[in-house]
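Enquirer: Here is how the chains run, residue by residue.
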Amino acid sequence: MSVISQPVPGVYGEKPPHGDNYINHSKGIFSWLFTLDHKRIGLMYMVTVLAAFFLGGIFAIALRTMLLFNSGGLAANLGGKSEFVANTYNQMFTLHGAVMVFLFIIPAIPAILGNFVLPLMLGAKDVAFPRLNLGSWYCYMGGAVFFVVVLGTGGLDTGWTFYTPFSTSYAHGAVTAATAGAFILGFSSILTGVNFIATIHMLRPKNMGFFKMPLFLWALYATSIIQILATPVLAITLLLLIAERTLGVGIFDPALGGDPVLYQHFFWFYSHPAVYIMILPGLGVVSEIIASFSRKHIFGYKFIALSSVAIAIFGFVVWGHHMFTSGQSDLLNAMFSLLTMSVAIPSAIKVFNWLATMYRGSIRLDTPMLYAIGFIWLFTIGGLTGLFLGALATDIHFHDTYFIVAHFHYVMVGSTLFAFLGGMYYWWPKMFGKMYDEKLGKIAWLLTFVGFNLTFFIQFVAGSQGMPRRYVDYPPEFAPYHHISTLGSYVLTIGLFLILFNWVQSLVKGRRAPQNPWGSNSLEWHAASPPIHENFKVTPEGVDPYDYRAWKYNPETDGYDYDEKLAKELAPAH
Amino acid sequence: MSDAHHDNHNPHLAHHFDTPQQQFDTAKMGMWVFLATEILMFGGLFCAYAIYRGNHPEVFEFAHQALDTKWGAINTVVLLLSSFTMAWGVRAAQLGQKSLLVILLALTLLGGVGFMVIKTIEYAGKWKHVSYDSPDAWYSLFIGERNAFYQKGGTLVNPEQAKAAKEYVGGHHGSDHDADHAEDQHTPDAPDTAVPTLVPVAAYAMPPAIDRATARPAPIGSLGTAPAYTGEYAAPVLERQLGIPENPGHSYPGFDELHAQDKSRVHIFFQIYFLMTGLHGIHVVIGMGLIFWIMVRAAFGAFGPSYYTPVDLVGLYWHLVDLIWIFLFPLLYLIH
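Keeping their order, the protein sequence lines are chains X and E.
Mapping of the first sequence onto my numbering: residues 1 to 574, in sequence order.
Mapping of the second sequence onto my numbering: residues 1 to 336, in sequence order.
Treat each hint with caution, since some may be false.
Unchecked claim - Think about it this way: if two alpha-carbon atoms lie no more than 30 Å apart in a straight line, the pair counts; the simulated DSSO-like pairs of lysine-lysine are:
id: 1; chain 1: X; residue 1: Lys-206; chain 2: E; residue 2: Lys-28
id: 2; chain 1: X; residue 1: Lys-212; chain 2: E; residue 2: Lys-28
id: 3; chain 1: X; residue 1: Lys-537; chain 2: E; residue 2: Lys-119
id: 4; chain 1: X; residue 1: Lys-302; chain 2: E; residue 2: Lys-28
id: 5; chain 1: X; residue 1: Lys-27; chain 2: X; residue 2: Lys-302
id: 6; chain 1: X; residue 1: Lys-302; chain 2: X; residue 2: Lys-509
The set of hints was computed from the structure by calculation and includes no laboratory data.
Quantities reported herein were computed from a predicted structural model and do not represent experimental measurements.
Let the sequences and hints guide you as you build the complete structure.
Expert: This is how it looks when you write it as structure tokens:
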């Protein structure tokens, strides 16, 4: 296949003939289960990851509802059933955390949006290793099966963190099955990371150096670095946990000379970088959306790109801030506290760059942009409260309270979930060739935004007043906090169901989408909506992804058409 | 960029790559990234080793004597030789020397088999099902009652706790159950499936409390010289096993010379030993499977100068497996 030096007239703006895209390229369930097409693998991930999200959400609603009824203490409300309720509550928050972390948040943006968009953004035909890509989806399904087995056989009540010695010596649930599932899921993450790194290094088109890539690719690159370096440490940690539980290895057992805090070190050495796996792709999505919906070149491209890598690197040296109250030495505590402050800097750089991008831009408040702006607001709150927690003195007070719960939900739900939803709306027309209902999208956004804040903002207050996390009952003075929080969770749920309804309705009877409804310039928008099986008829060259001038709005299609002559004039001579 | 038409006839060129060279370079990069993940995974175990060795040096000094340095050294040579034949095999594939390639891959596979055989010999010598109180218990992986499979319900508890808990719930042992039933019809049995509850046990072997107000770290160098022990293993390792005289006066503690709490910690060395060498052994077996697969493909003429990627990548994997052993061997067998 040769690379041409000029865009071919007529390629852009042409509607793909009905019946010639990657979705109906081949038929039958096995053409999906054995596909090597990254777009189909992205869709399969979408179905399964969203199913996991739904499952994790059920556990969340269950535990919030239990908390709604528990004020005044369990004994007062439930008579002799209190131990059963307490055990059930432990299962609910553990399963909510484990399912959401391992089956939803870590894979969501890289596996769904990354798999779909990355090769398109590079003008490539597929990722570097398509079979590994399919393998990573099967690893995901394998791990998911283990979690379902956990649900059926004894459940899990250790907390998603599996702290020793409870998980190794005393827990009666299906700890081994759950950790084995997480182990397999780790391979899904690792294989995706290997694939993305190789693809970004080797399959970039002509004229796309590293600093001409869209920022979403920088984000995925940094995420992949973390995935390959951190996830193996989780793998060995879980293996050690399983070995201790089944074989009597005493690595975490004090009676045998072991150290339970060592488990925490091993676990958080992965799990802290893991939270950057969760947030970095979201930061990339937001960069794309903010620039496109402000019709303005992203401000500070190099800073945003390099800060993604900086977050990845700094994220490896701060794991001890999860262990300030675990009995570490004072020196270690102080060092981790200081290093944690450094991680805030690249994140803040991004936020300022986005604001500078929006300043004097031509802002369009469509649904993806609402999620991106909501992201900025919620990520700022989440990030600033992270400073409270990174500072050693205040963390001693806040650790294991609802303040922590609120903080990580602000960054994981308010930020990553919102970025994920924004990205889904943004790339929805590309993936399916259908538009969603914009009005319904805005209403759903309002419900999710309000519901989310109702649920979690009050938890900052509750936590600072002393409400501990993972507790099933509480003194009556905390009741208003829990009532508001649970009410908010119901509002959030309604909003999320509206989003699902919007998407399903779009698939069934959505308006046909133009090739480029947003006027973005990264290469995936130069492909048809939905793309053909090979992505591009002719391999495109690299362009400046944030130069929107060559796209002209066409009111008939409510989309943008590419002016090739103008693009040639604007492109630098080579 | 040149439009090399003849590349399109290469049956191995995937549709999403422009040239075979790009495909090969990408595959190699992907393999190196994967090897990095393997290094990180073993790194966790090396870290655990380092922490335990740092915290319990006497335990390690005593316990490592049970490892036979001779077999470890032979294994090292075997793996190094197999790495050599593997690398030569990659060269043979590059030059299109098909029968040489198959022979070399077979030799590499033989090296892997030899490694696993020696590993089995070593493991077998340590695999003894002994009772917890036996003086030989220190080197057994499945240490009798400490083994989770040995206990009711699979829940792992400290054996002293298990004993005390059994007494707490009525003291009925499995073997006595029928006898009690026969005699005592009106005494209700404690349920035999009761999982031991968390009962603090006076016999729980906690290490002696340190008075933090007056404790001082040992003076530098005081832990460096081993005291003159007189136990069974007092003779230096190399002298005992290979007849090579070591530093005079340097000897190792016997089991009885260890502190009380260290006696129950000895099998941590073995658990780390079994975990590290076991995980390594699993990787050797995986490598053997891969080598067998490409050996069969090579016999059918699948590889030549235009396509030898699988040989190269499996070679990289095998070199990593060898490299991990190069680190394991000194850490576990040699240093004292």
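Enquirer: Determine for every hint whether it applies to the structure shown.
Expert: How the hints compare with the structure:
Note on Lys-206 (chain X) and Lys-28 (chain E): the hinted pairing holds, with a Cα-Cα distance of about 21 Å set against a maximum of 30 Å. Proposed proximity of Lys-212 (chain X) and Lys-28 (chain E) is supported: the alpha carbons are some 25 Å apart, at most 30 Å. Among the hinted pairs, Lys-537 (chain X) with Lys-119 (chain E) is inconsistent with the structure: their alpha-carbon atoms are about 56 Å apart, more than 30 Å. Restraint check for Lys-302 (chain X) and Lys-28 (chain E): satisfied, since their Cα atoms lie roughly 29 Å apart, inside the 30 Å limit.
For the proposed pair Lys-27 (chain X) and Lys-302 (chain X), the alpha carbon gap of about 43 Å is over 30 Å, so the pair is violated. With a CA separation close to 42 Å, the supplied pair Lys-302 (chain X) and Lys-509 (chain X) exceeds the 30 Å bound.
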